[in-house]
Amino acid sequence: TSESSSQGKPGTDGKQSGHDAVVVTSEDGITKIMLNRPAKKNSVTTQMYHEIMLALEAAGKDDSAMTVLTGNGDYYCSGNDLNNFTDIPPGGIEEKAKNSAILLRKFVDCFIDFPKPLIAVVNGPAVGISVTILGLFDIVYATDRATFHTPFTHLGISPEGCSSYIFPKIMGPAKAAEMLIFGKKLTAREACAQGLVTEVFPDSTFQKEVWTRLKAYSKLPQNAVRISKQLIRNTEKEKLHAVNAEECLVLQSRWQSDECVNAVSNFLSRKPKL
Amino acid sequence: TSESSSQGKPGTDGKQSGHDAVVVTSEDGITKIMLNRPAKKNSVTTQMYHEIMLALEAAGKDDSAMTVLTGNGDYYCSGNDLNNFTDIPPGGIEEKAKNSAILLRKFVDCFIDFPKPLIAVVNGPAVGISVTILGLFDIVYATDRATFHTPFTHLGISPEGCSSYIFPKIMGPAKAAEMLIFGKKLTAREACAQGLVTEVFPDSTFQKEVWTRLKAYSKLPQNAVRISKQLIRNTEKEKLHAVNAEECLVLQSRWQSDECVNAVSNFLSRKPKL
Amino acid sequence: TSESSSQGKPGTDGKQSGHDAVVVTSEDGITKIMLNRPAKKNSVTTQMYHEIMLALEAAGKDDSAMTVLTGNGDYYCSGNDLNNFTDIPPGGIEEKAKNSAILLRKFVDCFIDFPKPLIAVVNGPAVGISVTILGLFDIVYATDRATFHTPFTHLGISPEGCSSYIFPKIMGPAKAAEMLIFGKKLTAREACAQGLVTEVFPDSTFQKEVWTRLKAYSKLPQNAVRISKQLIRNTEKEKLHAVNAEECLVLQSRWQSDECVNAVSNFLSRKPKL
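Residue numbers (this note's numbering), protein chains in the order written: chain A, 1 to 274; chain B, 275 to 548; chain C, 549 to 822.
These aren't lab readings, by the way, just hints derived from the structure by calculation. Certain hints may be false.
Straight-line distance between alpha carbons at most 27 Å, and here's what the computed DSSO-like set of lysine-lysine pairs gives [to be verified]:
(1) Lys493/B <-> Lys443/B
(2) Lys185/A <-> Lys482/B
(3) Lys763/C <-> Lys459/B
(4) Lys443/B <-> Lys589/C
(5) Lys785/C <-> Lys239/A
(6) Lys185/A <-> Lys513/B
(7) Lys169/A <-> Lys380/B
(8) Lys390/B <-> Lys184/A
(9) Lys513/B <-> Lys717/C
(10) Lys787/C <-> Lys169/A
(11) Lys169/A <-> Lys785/C
(12) Lys654/C <-> Lys459/B
(13) Lys732/C <-> Lys237/A
(14) Lys717/C <-> Lys169/A
(15) Lys756/C <-> Lys443/B
(16) Lys459/B <-> Lys169/A
Next comes chain A alone, as it looks inside the complex (with noise of 0.2 Å):
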């Protein structure tokens, strides 16, 4: 049931398709879905997005027994690939808008209802939806040369990932807001000391420490595993449903904003490459 992985060797992508955005790989109970589009900073094109909610669909009923999500290279994830805005369908951009938040809605939905531990290995820095979405990790392992950033205001928009709700249970509304709100940026350090992030690894011995105590961890009794995080997740899944449609209609006006769209086309100008 398992390709040849790439587990501990970021950079060689084995015998799996190499030039694939998303590469899944499966073994010792561990499937790993890696972002593979390190010139762009594992940004996450729609494509991609698509791809991960596959690999989450399929990692779900694998007989693995845990999920991981990390990236090959420098950056762990970049966020949402600004260049996704420049697509714009017939019914121009309010139908963008429309089907963007609807993309958004089942892609934060599958983080929610995953059944089994979902465990992020940040590699590298973390923007955007990349760390809205680590709330909804059971397990959040980062190299010290991870930073997390959400700048949504700078960008006309507003937080998702449920990230306006567990934000601020996590680490109190004082901090969550100066990040969510002002889009300052954490180191690894901070984010740990705040609960973002697990436990905080020094960079060369980053991918060694990880897989071995992550290879431990799939070897307990995978029933109690299942179950156990289940118990821990059902109490807040109702919620986080209604948060994240909360959230994704709140974005589908904001990116029909002109603060948004005179935003986007300045990076875009700016950056034309990334």
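The hints should help you fit chains B and C onto chain A, whose structure is shown.
Then chains B and C, alone, in the frame of chain A:
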């Protein structure tokens, strides 16, 4: 729309009413509400509760991006002025307690419902109500001279400002209870580690660093900022109003208790000049 | 109303029943419930669950200001005595699991509903149920020798004591899951940084410092203290009872699972003397 400001120059009142106990100024997109009763450590009189509410109502509607609460002089705020207890109406202590509960509930409701980012610039020690409402602020910056103290049970009373609900959420029940039930005083560093404070600054550079950062934040797209704040706070609003109502009901009863009457009477006879 | 106390003198039982596994004393306005089975690391037998519930019921009604739970000897509590699993009734393992779930639910309910401040004086390592109920305590003081360990999935079982709900609230889901799902053991310092513990003391001065502080707290106005505690806890009470019921239901099923039966059987055959 703005009076001349005393920002960054605490102790200087500029041309606006120098004897006002609450001074409101607006500059650089920031409306500042300053407690200005330094000789009384900025303790809050009944009159000042009303003035702060009026200032918040106006600030919510003006064209500023955010609103700051701070204190003039060495203290941020020493809490409710206990002399408020000595002004007994014809209806006696029962009517007094009822009126005080109505006032407090309205006061806290103004913070729960405030539509823009609300920033506390904690320039020195904070006591009582000035501490408990901090959970309703979006950013809390503190000088390293600040302390956070809620000696309610010493006075025979109980927590307000939604702290009975928000503090356990922020810092966990085991730290919240020692503070709210047993009156443990926190240093600025402790309050920051526990999530009540966003960041602590050295006293010597506090005003400069804080206002520089706030001025930068005030330039972000305003609608995105306001909508993000509301998104974060709206999920809790109904719950917070219910908590506020319950806290005020309990306090109304506490204010009429022997424990409170005796404690306040002892306090006022010991410290006639506060 | 008080037996002679062994406070501050662990290991000395004074005149109260020296062979009791649960010793209750009352002094200085503080009722102390001490686990007294040091040779078994204060693991909790079925009989002790009943004795602790009786002690809590009495302590809730006596004239003390607060109630302390602590352990005698090197351990605070090593959790559920796994020999409890060997006493199978005529109805077999199904009846055993049902009875155990009923007992556990009643036990945890006593902590949820306790009307006065509840203090844990964690004098050494804590395991399992003695850890998970800590979220229901108002203050948790720990010696720096203490550790906090919940190896549930290793035994094929799942979290109880409302920890599946309270721990993620206190420390964030990413730290709670590593502890509750994967059995990560926390040091006292880690547990304190994550909000599970109020304060950590050096072992050499632990008893002295803790009891001095508690005696001071016990002199505060008692009604204000009790009412403040209830104000803080009442908003959560209904939710906590629901969580407790769900956790016990899941455990009832887990106890009958192959994963659990095999793990407990292996454990007991490896360590026949625990």
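Tested hints:
no. : hint                  : in the structure
1   : Lys493/B <-> Lys443/B : violated (31 Å)
2   : Lys185/A <-> Lys482/B : holds (21 Å)
3   : Lys763/C <-> Lys459/B : holds (17 Å)
4   : Lys443/B <-> Lys589/C : violated (33 Å)
5   : Lys785/C <-> Lys239/A : holds (19 Å)
6   : Lys185/A <-> Lys513/B : violated (30 Å)
7   : Lys169/A <-> Lys380/B : holds (25 Å)
8   : Lys390/B <-> Lys184/A : holds (18 Å)
9   : Lys513/B <-> Lys717/C : holds (17 Å)
10  : Lys787/C <-> Lys169/A : holds (17 Å)
11  : Lys169/A <-> Lys785/C : holds (18 Å)
12  : Lys654/C <-> Lys459/B : violated (36 Å)
13  : Lys732/C <-> Lys237/A : holds (25 Å)
14  : Lys717/C <-> Lys169/A : holds (7 Å)
15  : Lys756/C <-> Lys443/B : violated (30 Å)
16  : Lys459/B <-> Lys169/A : holds (23 Å)
Checked against the numbered hints above, the structure breaks hints 1, 4, 6, 12 and 15 and satisfies the rest.
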